[in-house]
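Trainee: Protein sequence lines correspond, in order, to chains A and B. Following this note's numbering, the numbering of the first sequence begins with -7 at its first residue and continues without gaps. Following this note's numbering, the numbering of the second sequence begins with 1303 at its first residue and continues without gaps.
Hints listed in this document are in silico derivations from the structure and should not be mistaken for laboratory results. Just so you know, these numbers come straight off a predicted model, no measurement behind them. We treat Cβ as the ideally placed atom computed from N, Cα and C, and that holds for glycine. Watch out, some of these pointers could steer you wrong.
[Said to hold, decoys possible] Sample of chain A residues lacking proximity to chain B, with all beta carbon distances greater than 12 Å (derived):
| hint | residue |
| --- | --- |
| 1 | Glu9 |
| 2 | Asn10 |
| 3 | Asp59 |
[Unchecked claim] Computed footprint of chain A on chain B, listed as stretches where at least three residues anywhere in the stretch have a Cβ under 8 Å from a Cβ of chain A:
| hint | region |
| --- | --- |
| 4 | 1331 to 1345 |
| 5 | 1389 to 1396 |
For reference, the chains in residue letters:
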Amino acid sequence: TQLLEQSPQFLSIQEGENLTVYCNSSSVFSSLQWYRQEPGEGPVLLVTVVTGGEVKKLKRLTFQFGDARKDSSLHITAAQTGDTGLYLCAGVPQTGANNLFFGTGTRLTVIP
Amino acid sequence: DVKVTQSSRYLVKRTGEKVFLECVQDMDHENMFWYRQDPGLGLRLIYFSYDVKMKEKGDIPEGYSVSREKKERFSLILESASTNQTSMYLCASTRLETEAFFGQGTRLTVV
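Could you build the full structure based on these sequences and the hints that come with them?
Mentor: Put into C-alpha cells, the structure is as follows:
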C-alpha cells in the first residue's frame, strides 16, 4: 500500500482549462512537497507546505495543505503546454525519521 | 550549481550479475535516498541513509543493499540482478526536511 495516493493518475486537458490534482493519506505529515518531473530527468521541487490550511501560489499554480496535514491539492489555472509532466507529492511523516515518501504521481498532458 | 550525479544514464545487465549504481552529491547533505520508479507506482523508497555508515530500509529493500562509506557517496547494490528489477533508479539527497535534489536517473534493463 502507498502512503500517499494521488488522483487522477492520468489527466489530459486542452490548453486554457483549469485542473486540480489531489494527494491523500491517512497519515499526518510534518510537511508536504510538490515536484514536477519531465521525461528523462529527476523530479524538481515546486513548493513545500508546512502549516495545516496553508495556501501557496506560484503564478498559475495554487497549492493547499489540508487542515489536518493529511492531504494536499495542486490547482493549475489556464493550463499551458509547458505544464505537461509528471506531478508528484512527497512528505515526511510526522512519526517517521528522515524518510521522504512519494505519491503515485499524476501524469498531466496539456493539448494545444 | 548544486548537483547529484548518478554514474550511468543507461545500463543493461544480465540476470544474476552483481550491479552497482553510484550516486554522488556535492551539497554536504546528511540524507541520501534510493528510489525506483515504475509506471503507475510512483517513486518507491528502497533504502535511505541519514549519516555515514548508517542505512535504513525503505518500502522495497528486498534484493538490494546499500553502502555509504563517505558522506557524499551512496551506492545501491543489486546482489543478483533479476528481470523484475528492470526500472528507473533515482538517487536523491536532502538536508533534514528540506528540498530533495535528484540525480538524472539510471534506466536499468536486466535481460
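Trainee: Taking the hints in turn, state whether each one holds.
Mentor: Hints and how they fare:
The non-interface label for Glu9/A is consistent with chain B: the shortest C-beta to C-beta separation is roughly 24 Å, beyond 12 Å. Chain B leaves Asn10/A outside its interface by the beta-carbon criterion, the shortest separation being 24 Å against a cut-off of 12 Å. With a closest Cβ-Cβ approach of about 20 Å to chain B, Asp59/A is found to remain outside the 12 Å limit, as its non-interface label requires. Only when three residues or more bring their CB closer than 8 Å to a CB of chain A does the claim for the region 1331 to 1345 of chain B stand; here the count is 8, and the claim holds.
Only residues whose beta carbon comes within less than 8 Å of a beta carbon in chain A count, and the region 1389 to 1396 of chain B has 3; three or more means the coverage holds.
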